[in-house]
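Kindly generate the complete structure, drawing on both the sequences and the hints.
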Amino acid sequence: MIYSMTAFARAEQAGEYGTLSWEIRSVNHRYLEPHLRLPESFRDLEGAIREALRKGLSRGKVECTLRFAEDAAGRSMQVDHQRAGQLIAAAESVAAMIKQPAPLNPLEILSWPGVLVGDAADPQALNNTALQLFHQALEQMKAGRLREGEQLARLINDRLDAIGTETATLRSQVPQMLAAQRQKLMDRCVEMRAELDPQRLEQELVMLAQKSDVAEELDRLGTHVTEVRRVLQSGGAAGRRLDFLMQELNREANTLGSKAFDTRSTQAAVNLKVLIEQMREQVQNIE
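When you line the sequence shown up against this note's numbering, it's residues 1 to 287, in that order.
These are calculated hints, taken from the structure and not from any lab test.
Treat each hint with caution, since some may be false.
[What the hints assert, rightly or not] Using 25 Å as the maximum straight-line C-alpha spacing, the simulated SDA-like pairs for lysine to any residue come out as follows:
hint: 1; residue 1: 142; residue 2: 231
hint: 2; residue 1: 55; residue 2: 91
hint: 3; residue 1: 142; residue 2: 27
hint: 4; residue 1: 61; residue 2: 51
hint: 5; residue 1: 142; residue 2: 28
hint: 6; residue 1: 273; residue 2: 244
Structure representation (structure tokens):
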């Protein structure tokens, strides 16, 4: 199975003390590069999350964001007198430095983080729930990467079919193109009214045939196409291998273009390079 590196997943769960939600975004990258955004009270999960990503993914830049919307409804609220006293003392100290300070607003004191507290949730229970929810989101993302990977494999196979058709057509046209070059050379000699030396003419034609021999490049293109299909069929972390094969395919297409001696072979080389570039762009997203 082929996996894309591009995917998105979201998982949410409401509980007694609030709502937990995970968002995981993944894009292509040379290596596995996780970025975690966690509330301070969930920092203990970082190691377990990184380990789960390492086991579940091979490559990609992965952004994992956890949000916790605390629900205070139905929970008894109490004032942390010690924290409120510290806040009031600090406010009065600053007020002493001002000529006409505004009076302290009790509601502003209560709205300060940590002054008004409710029944505390069990941190371990919340962490366990958050970790289970993360695994759900990760499985969703892997499923998305698989679906997109299967589509990428189909697109690449379509281009491989087109390359096979292009090379088969060119292979069948080579004898015709050589015959046309032979006739063109003979016609040129006639136009120049040059005396035809059959031996010299044969030597020129042999040199032309050698210079224009593209059988090796066509064979290598076929070999690389077969290998790409094999890698796609094998699946797994195939991105780097496929990227290497795209470079080799492009190398053969360039050599084919440099040996072109007919408009048909030139056009075939251009068509091949376009197809290879289209595959290369898709391969960049494969894990």
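Open item on the list: Please list, smallest to largest, the hint numbers that this structure does not respect.
Closed with: 2
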